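The residues making up each chain are set out below.
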Amino acid sequence: MHGMTTYFIRRLLLIPVTFIAITFMVYTVLRVVPGGPIEQAQLQIKLAMMQEGGATVLGGAESEVQIPEAAMNELKKYYHLDKSIPEGYARWLWGIVRLDFGRSYVYGEPVLDVIISKFPISIYFGLIGYFASWLICVPLGVSKAIRHKTGYDTATSVIVFIGYSIPGFVACLMLLVVFGGGSFFDFIPLGGFRSANWAELGFFAKILDQLHHTIVPVIGYLIGGFATMTILMKNSLLDNLGADYVRTAFAKGLSEKRVIFLHAMRNSLIPLTVGIGQALGLLFAGSFLIEKTCNIPGMGLLGYTSIIQRDYPIILGVLVFMVLIRLTGNIISDVVWALIDPRIRFGK
Amino acid sequence: MSAEKKKLLEVKGLRTCFHIEDKTARAVDGVDFHVYENEVVGLVGESGCGKSVTALSILRLIPDPPGRITGGEIIFRGKDLLKLPYPEMRKIRGKDISMIFQEPMTSLNPVFSVGWQLKEAIRFHQRLTEKQVEDRAVEMLGLVGIPSPKARLKDYPHQFSGGMRQRVMIAMALSSDPALLIADEPTTALDVTIQAQILELMLEVKKKTHDAAILLITHDLAVVAETCQRVAVMYGGKIQEVAEVKPLFDEPLHPYTRGLLLSLPGFKNEDKNRLPVIEGMVPDIMSFPKGCKFNNRCPEVMPVCREEEPELREVSPGRQVRCHKCQKK
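If you're matching them up, the sequences are chains S and U in order. Residue 249 in this note's numbering sits at position 249 of the first sequence, and the numbers go up by one each step. Residue 219 in this note's numbering sits at position 219 of the second sequence, and the numbers go up by one each step.
One or more of the hints may lead you astray.
List of simulated lysine to aspartate or glutamate pairs, EDC-like, C-alpha gap at most 16 angstroms [stated by the list, open to error]:
id : chain 1 : residue 1 : chain 2 : residue 2
1  : U       : K154      : S       : E109
2  : U       : K290      : U       : E307
3  : S       : K149      : U       : E21
4  : U       : K91       : S       : E256
For the record, the hints were derived by calculation from the structure and aren't laboratory data. Bear in mind that the values here come from a model prediction, so they are computed numbers and not experimental data.
Starting from the given sequences, assemble the full structure and let the hints guide the process.
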């Protein structure tokens, strides 16, 4: 156990290092790449002047539109762009430590408020999607392994293959078209996180309404990892069922159930736990495409629009959340792995 | 053979096939032999001769598909194991007949502690309190020579060496006092220095516990000479010769047995610099010759050997040979 404690302390100490490396890189890129708030402001002023000045400006070269030096400096100062990159980054980082993420250029609100308004939505779909994928893929993979090369295995392989071929957002689109009440059936809402009149509903109606809105996006999230996870589970269990220790377990007189679900299963889960960190990171980040199709105001959509609008504080804020989730996800994955596999727990 | 010896296990005409694609490989093709109570019998042959499949068939551990036992009887204490319902068979595995395998490195489950696996075996076959199970586990580990057994129960297989893991396997196999222990090449994967230790240990623990009979499967005649009382030599999925150890080594009757013995270093060889070999290779399992299975490699082959397969015939009490030459005696 001692080895494991030091191992996790080392892993925890690596978090700030990784965090700083990633955010510093992104900060630098954002500062260097053109199209930032100053340029945007210049463009807007230019457009405004063009409208006012009419033909006179139209005739002249575009570069002739100048913003006074003093105004420029004011602007830079307002956006904290007057500092050098290292100093600016240090200030930003100090802000993060004090939970001050700055203000959104676009919304004018504190970044943290904007993110916190979207984050639970992403967590909601992310967690449900993730647990649903375990609940579906593990039993499916196990049953396919046990019935390897039977009709059941082939039939479910077709489903897995279809799932593998369809991107999640396309599946959402298809479901919305068929069941969203447009042309064919009217079973599910056309998107959104909740109904508009959610606040007026009773307790159970609220739950029902929420679930109603959850189905399509969760299917979208599920399809992304569905095939990979199912086949990983199947192959992993199949490998283990052929292992020598399984033969030993049978030779001891154990029942087939015990051999499969205790002896082989615990070993087979190891490859699945390795992916926990990555899966959590991906799910919480939200898929922009699924959020767009299902009209869910989550982190994916927020991240995407902030990039389009060059809303640096939001981009960096979203990044902070993503990096932290991914890093803690990796640690959770390591803990689970160590719980299942003693070889990890005690070091080689 | 003295009449008072009781047959513990009798294998009669055992056939085990493997269906691979649309071909059928007859890995075990009519095997007959028996094991008396408390004795150590060697089942010897080259790789691919069907000895491991025979061993696995006795416990019905052949993976199906692709394998299947297609015929014969395995009489254990008067009951045909092949006709037992599956739950009954499970009660015999690990209790009346135990098995240890060739690969100690992979034969234990890597994610459960050694004690957990040992106790699982004990608990499954004996009605004991948790305290008694623990005591039995400690006792068995001590018996197989693992130092500080109580503390090592908590350790995992990867914390043991190959030899130590095989000791754990032996402890597990003998924990419920089986009447028969099948050891499938138990020392093949181990260092030469450890091999002798493990064999000695098996015999020693056998004596200290309920004196189980041992069916020792090996390709190593030196191992047989050291440990067994009787030997069955297998080739091409069939028993070719059965004898007590001393007569077999003194006067091998089957040309194949003779070839095996002559290829042993230091065994009656005139030329000290060169070991004789059996000509040719074991044929592919699908392409054994017609007649005697050994006729394409036999130095003493006769025309009849290519036409007709000889019967396994008793030539003297306790001695059986499957060879046309011996049949003429």
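Check the hint pairing U:K154 with S:E109 against an upper bound of 16 angstroms on the C-alpha distance. Violated, at about 57 angstroms.
Would the hint linking U:K290 and U:E307 be met if the CA-CA limit is 16 angstroms? holds (6 angstroms)
Between the alpha carbons of S:K149 and U:E21, is the straight-line distance 16 angstroms or under? holds (13 angstroms)
Compare the distance between the alpha carbons of U:K91 and S:E256 with 16 angstroms, and conclude whether the hinted pair is satisfied. holds (13 angstroms)
Violated hints amount to a single one, hint 1; each of the other numbered hints is respected by the structure.
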